[in-house]
Amino acid sequence: MFKRFANWMPGFWALLFLLVPIGGVATFVAAPYFDIWLPRDVSEHGHVIDGLFMFILYLTGIVFIVTELVLFYFMWKYSSKKTAAPVAYSHGSHSLEVVWTIIPAVTLLFIAIYQMDAWAASKMRAPEIPPTVEVTGRQFNWDFRYPGKDGELYTHDDVVRTDGKLYLPYGKEVLLKITSADVLHSFFLPNMRMKQDVVPGMEQSMWFKATAGGSYDIVCAELCGWGHYKMKGEVTFLPPDEFDAKLQELRSDADTMTVEVAETD
Amino acid sequence: MSTVPVDSAAASAGHAEHAHAGGFLRTYVFSLDHKIIGLQFLFSTLIWFIVGGLLALGVRWQLAYPWRPMPILGELVAQTEGGQIAPEVYTMLVTMHASVMIFFVIIPVLAGAFGNYLIPLMIGADDMAFPTLNMLSYWFMWPAFLAMGASFFVEGGASQGGWTAYPPFALTQGTGQALWLVGLTMVGISSMMGSVNYLTTIIQMRAPGMTMFRLPMTIWGMFITAVLQAFALPVLTAAGFMQMADLQLGTGFFIPDGWSANNAAAQSGGGQPLLWQHLFWFYSHPAVYIMILPAMGMVSDMLSCFARKPLFGYKPMVYSIAGIAGLGFVVWGHHMFVSGMNPALGMTFMVSTMMIALPSAIKTFNWLGTIWRGNLQFTTPMLFSLSFVSMFIIGGLSGIFMAATPVDIFIHDTYYIVAHFHYVLFAGTAMAVLGAIYFWFPKMFGRMMNDSWGKVHFFLSFVLMNCVFFPMHILGMQGFPRRLADPYHYGTFRHLLPLNQFMSWCAFLLVGVQIIFVINFFWSMFFGPRAGRNPWHANGLEWQAPSPPGHGNFDFQPMIYRGPYEYNSPEVDEDYYPQTQPPAEGAPAPPEAGH
Ligand SMILES: [Cu+2]
Ligand SMILES: [Cu+2]
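Chains as they are written, first to last, in this note's numbering: chain A, 1 to 265; chain C, 1 to 595.
So that you can see chain A by itself, here it is in the shape it has in the complex:
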C-alpha cells in the first residue's frame, strides 16, 4: 500500500512543511475575527508596548515566512527523487556566515536598544506623587487600602476594602504600592499592559495613567495555591471627581475596615 505513494511522497513532504508558514500566518490573520487579540488597551503607555509587540510580530513574521519558505523550496527542489543535479560538495561559505551573523546581530541589538525607553518608562521612572492606593495580595484575594479623610496613605484613618474591587481615577497618573501578605502573587492588569510580581517582604510600585472609564479584570499571574485561578479582582476607572466621591463613600461604608496599624512612612 505504501509503495504506491512512493512517487509523490517527496512532493508531499515538502507541501506538508509548506503548511507551517501558511497555517501560522492564517492563525494570526483569523484570530481577530474570533475576537482573539491583544485585549483592549485603556492606558496611556499601552500603545507603546502594543506597538513594540506588533513590531516584533511583523519582524519575526517576515523571518518566519522567509525561512520556512526556503525550507519548503529546498525540500521540494532537492529531493533525491526529483533532482538529477549533482550534490554541491561544499563545507560552507565564509561570506554567507559573515552576512547571516552580522545582520541578525545588528537587528537583535537594535530591538534591545529600541525597547529600553519603554521599559524605563514602565518600570524605572516612577512619578513623584503620593501613592494612590496600596494593593495587598493574599491567598486568594486582592485587598485595597485607600487614604482616609486626611487624604494621605499610611496614616491611622486609612480604609481597607476586601471585596476585590479597586477604584481608580482615569485621566490622571496613579501610583500603586503593591505588597503580599503571604506568598508570591502577580498583579496583572491586562488592559493596562501592566504586571508586577508581588513578593512578601518587598514593596513594589506600579504606575500608569488610564485613558477611559469602565471596569476591567485584575488577574493573579503567579501560582499562589489551589485558589490561584479564582484570585480575580476588578478595577473600575472613574472620572477624577467621581473618584473623590467614591472615596468618600468608601470611608463611610459599613463594610470598610479602618486599619489600626502603626503608621509607616
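Because the hints were derived from the structure by calculation, they are not lab data.
Certain hints may be false.
[To be verified] Derived pair list, reagent style DMTMM-like, types lysine to aspartate or glutamate, alpha-carbon separation capped at 25 Å:
id, chain 1, residue 1, chain 2, residue 2
1, A, LYS77, C, ASP573
2, A, LYS77, C, ASP451
3, A, LYS232, A, ASP41
4, A, LYS82, C, ASP573
5, A, LYS232, A, GLU203
Following the hints, put chain C with the ligands in place on chain A, whose structure we already have.
Relative to the frame of chain A, chain C with the ligands by itself:
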C-alpha cells in the same frame, strides 16, 4: 572489571583486556557497559515520557471541560472519586507534568541515553572513562524516580509548587515538596556524575586521528552540555538543600521577616524569596540549552547524512554552541523581568538575551545551507530532523518577544510562554529524540525500524502537535494566564473555551498516536530486518562498529582520517566516505579490520 586507562591510544587498544563479566545482573542490570547504561536510561525515560504525557492529558481535560469528571483516566490522574479534577489536583498536575518531562525525560534522555550510547562509539573509545561512575549515574536516578513517584501517594499528594518551586509558596507544600527536592537533588547528582565522565571521555579517549574538529556535532552538543551541567548544577543543588532546610529545619534562606502562611506562626525570616529565583534560574536557564544542544547536534548529523552533503559551516556551528554556553550563564534574569528584581538589571539581561538568539540563528541558517543543493532522502529520521528545524524557527523567534522587556510585562506567565517552550522542548527536542531513535535504532538493536509506519507516526505527530501548540500563541496574546485551574472564571476568557477544546482533542490524539511508535519500536526490536553495520551509508565512526556493538565496541583499531561529514566527496566514487576509510593514495596503512 579492569580499570580503563585514560591515555587514548592505550584505551582503544585495551578493550581486549575487558573481562566479559558473566551473569544476568552484571550484564543487564548493574552493567558497566556504556551501551547497556544508555539503553537503561532510554527505557526509563520513555516510561516517564508516558507518565508525563498522561499528566498533561489531565491538564488538557480540565482546560477543555472544567470540573467535568474525566473519563477513564480521571480516577488515576485526578485521584479523586468520579475523576473530577479539583483545583489543587490541577496545580499538582501542572507541577508534576513539567517536573517529570524536564528532569526525568528530556535531560536524561539526551545526556543519559544518547550521551552514554553515542559518545564512546562516535569518538572511537571502548567505553567511558569511568565505567563504575557511569553505572552509578544511572542508579542515582532511581532514588529520584522513587521519591517523585512516591510523592503522588503521600498525604497532601505530590508537590503543587510549580516546577520552579518558588518559595514561600513551595514551603507550604509539606511532604510532597520534600520528596520533590530529594528527587531534584538526586537527578543533579546523577547528571553531575554523567558530565564529569563525558568531559573526561571526550577529552582523553578519542581514537587516534580524532581531533576535536573532527568530532561530530552530536559530540560537540554533548560536550558543551556537560560543561554547562558541571558549572551550573552545584548552584541548583545548593539551592535545593537551602529550600529543604527552610522546609524541614526552620531556617529562613528564602523567607522574609515575620512571614507566615496558612495562619501558621511566623517564622524566623531574614531571607529573600527572590534569592531562590536567582539561584534556580542560574541553573535552569543553562538547563534550557542542556535540553536542546544535544538535540541540535543529533539533528545536524542526521541532516548531513540524509542530504548526502557535508554539514554547512561546521566551525561556525561549533563556535555558536560554544557561544551559547558562554552567554548562557548571563541571561538567567530574563525569567525575572517582572519579579521585582532591580529593573536596571532587566535591561542588561535583555541585551544578553537578545544576543543569545544570534547563535541559534546562525545554526538555523547553516542547517538550511546543509540541505541546499543536496540530495535529500526523506527517511523517517530525516523528516523528524527537518521538522526540528521548522519548529525550532518558531520556538526561537517567539523567544524574542519574551526577551523584549516591555513586551514581556504583558506576556509573562501567559500562554505565549507556554507556546514558546513547547515549541522548543516538544516540537524541537522531543521530536529530534524520536528521529534519533529511528536513526540509531539499527545500531542499538541490529534491526531496522519500519520506515513506512515511522512516516505515518511522523505525519500524525507533526500535524497534531502544531494544532495543540500553535494556537497557544494567540491565547497568550489575549493574556490567557498559565496554571489556572479554571481560566473561564474570568469572563474575558470564556470565548476561548472552544479553541481550548479543539487543542485538547488534538493533544489526546497526539498522545494516542504515539502507540504507533511504541508498537513499531518493540516489533522491530525482534522482527525488524537485519541492519548490518551501516544501513544509512553514514560516515560516523559508530557505523563502522558491529550492530549492535559488542563489549568493547570495535572489532578493529579505529583510525580516523577525516571529519564525519564527507558526503559526495570527489575523492571517492561512493557518496559517502567513512571517517575510518584510509585516503586512496599515499596514505598510511589501513587499520587492520577484525581480529
Ligand atoms: Cu495567584
Ligand atoms: Cu532562560
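Non-conforming hints, listed in increasing numerical order: When the structure is compared with the hints, none of them turns out to be violated.
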